[in-house]
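Protein chains in written order, with my numbering: chain H, 1 to 58; chain R, 1001 to 1436.
Misleading hints may appear alongside valid ones.
[To be verified] To give an idea of the interface, some chain R residues facing chain H are shown, with a C-beta separation under 10 Å as derived from the structure: (1) ALA1060; (2) VAL1062; (3) TRP1068; (4) GLY1133; (5) CYS1150; (6) ALA1170; (7) ARG1174; (8) ARG1192; (9) SER1214; (10) ARG1215; (11) ALA1219; (12) VAL1323; (13) ARG1358; (14) ARG1362; (15) VAL1363.
[Unchecked claim] Which bits of chain R does chain H cover? Going by a derived footprint, with three or more residues having C-beta under 8 Å, they are: (16) 1177-1191; (17) 1235-1244; (18) 1287-1299; (19) 1365-1373; (20) 1425-1434.
Simulated from the structure, these hints should not be mistaken for lab results.
From the three backbone atoms N, C-alpha and C, an ideal C-beta is built for every residue, glycine too.
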Amino acid sequence: MAGPDEAETERAPPASWEASVVLRALLVGAFVVAALAANDFIVHSVLLIDAVLRRVFF
Amino acid sequence: MWETFEAAVGFIPHGRLLVAAVLVVCGAQLCAIVLGLRRRLSPGTQAIQGTSLLLIPILAAVSFRASWITTLGGLAGAPASGVQAFTDGLNGLVNASPMAAVGTLIALELWAIGLAVALGQREPEMPATAARGALVFAGLSATLVGVVLCGSYAIHELASLADVEPERKATMLRAALDFTRDHLMRFALISRWTILGLGALAMVFVVRDPKASSRRALARQAMCAAVLLLFAAGLTIVARPLRAETELAWPPPSAGEYLLAADPITPDLVGPDAVERAPVVQIFVDRLALDGDKVTADDLRDRLLTLRNNFILLRPGVAFDGVAVIVADRAASTSQLRRALGAVHEAGYLSPMFAFARSETRVRPLFGPVTRVHATAVRAGLFDRIDDDVDRGLGKDLSDRGVIVPLERFTSYESLARRLVEARRTGSAVSVRLGD
């Protein structure tokens, strides 16, 4: 049995296919950007230890 | 394996708390996934689930800070306790890094899955898109592997430095750091391309999906994308100072220069010889110091004698080389030099190295100004009239003294030092003769 939100969703008018694709692509793109930012953050956090050691032996 | 893990945790300040935080946060993400599959979670619960992710980097930052302070304290402390504190600090940094990275990454992956599940509860067409999108976080796996491998390698290399001569440590460490940095960057590059590849794959599925979404679903997708972009912007802002620091190259290490003292200001000269490890006698215009401790001329002689006796006791069979490093103020007068060098001579240090220090300061984006001392020297002999008489009486060849530089002919250390450098640069030996 559908809940109130799902029923509301079903009743809501569908958007165009083009708009749907653009918004879904935006979501996927946002995931990609977030993953790239996380990758960058992790790498530079770890490289900070490298910098600390180089600072000590400067 | 468990013992190794326990030892690693033991090195990390607040290590047990960090492990507990990783377990609690990942457990909370798992619970959210399970609950999300059974019923729709309230926005408040989802907010707590997302915010809890911050617990790991916050605790990691606290731990890093504690290790960093310990490391700096080790550098500033007494040699015996300082080395231990320095090693403890580095161990904390090196062990906390992979643990924090692994914990954050696993929690992020679980959070992404939970987000996809939660979105699926809200909109029937959301799970596929969100799940495909969340899949790109799997691309971080290569970086994760790189962090663990490079961390292990760095720990191994640091441990192996214990038996290495001090003068080789900096070069070896730098080589190890270059190696780990290059490999970590390669793993990061693999991750970057994997993320882009998985993103492109998800895009293909999105474009080939023939269904149109409802306007309400689109609004939620847009909101979700906005949250993700804000998350990315936050990480980028936090990483900016780290990136500025880690991407700015360090100048090459100064090989064979051990002089840490930049005081007093020596003549602006470059000597032809490398400074060796030996007691450092500092001659200021108003005082004397030995290895940084203020001394009188008599104290200087007595302490040098003690050091000489210790050398002979600790190295039986090894000839005492009589080397002392002289760091003298360029404005020091001949009489001040005479007094200090007289004490050095009386203690039996007959091969002084007159050192010339130049300090170099670099401003780093995160560390601020950092300074090191470049030092060169002139190796010389030291004798007085009595040595002359004794050596002549013994029939010794005095020509090996090379160019003789009488101290009394110079009015300041600046002019004496220039003469010593000139004479030594011709390739011959040089000796300072102390006047009466």
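So, going through the hints one by one against the coordinates:
{"no.": "1", "hint": "ALA1060", "verdict": "holds (8 Å)"}
{"no.": "2", "hint": "VAL1062", "verdict": "violated (14 Å)"}
{"no.": "3", "hint": "TRP1068", "verdict": "holds (7 Å)"}
{"no.": "4", "hint": "GLY1133", "verdict": "holds (3 Å)"}
{"no.": "5", "hint": "CYS1150", "verdict": "holds (7 Å)"}
{"no.": "6", "hint": "ALA1170", "verdict": "holds (4 Å)"}
{"no.": "7", "hint": "ARG1174", "verdict": "holds (7 Å)"}
{"no.": "8", "hint": "ARG1192", "verdict": "holds (6 Å)"}
{"no.": "9", "hint": "SER1214", "verdict": "holds (4 Å)"}
{"no.": "10", "hint": "ARG1215", "verdict": "holds (5 Å)"}
{"no.": "11", "hint": "ALA1219", "verdict": "holds (9 Å)"}
{"no.": "12", "hint": "VAL1323", "verdict": "violated (24 Å)"}
{"no.": "13", "hint": "ARG1358", "verdict": "violated (15 Å)"}
{"no.": "14", "hint": "ARG1362", "verdict": "holds (8 Å)"}
{"no.": "15", "hint": "VAL1363", "verdict": "violated (12 Å)"}
{"no.": "16", "hint": "1177-1191", "verdict": "holds (count 7)"}
{"no.": "17", "hint": "1235-1244", "verdict": "holds (count 6)"}
{"no.": "18", "hint": "1287-1299", "verdict": "violated (count 0)"}
{"no.": "19", "hint": "1365-1373", "verdict": "holds (count 4)"}
{"no.": "20", "hint": "1425-1434", "verdict": "violated (count 0)"}
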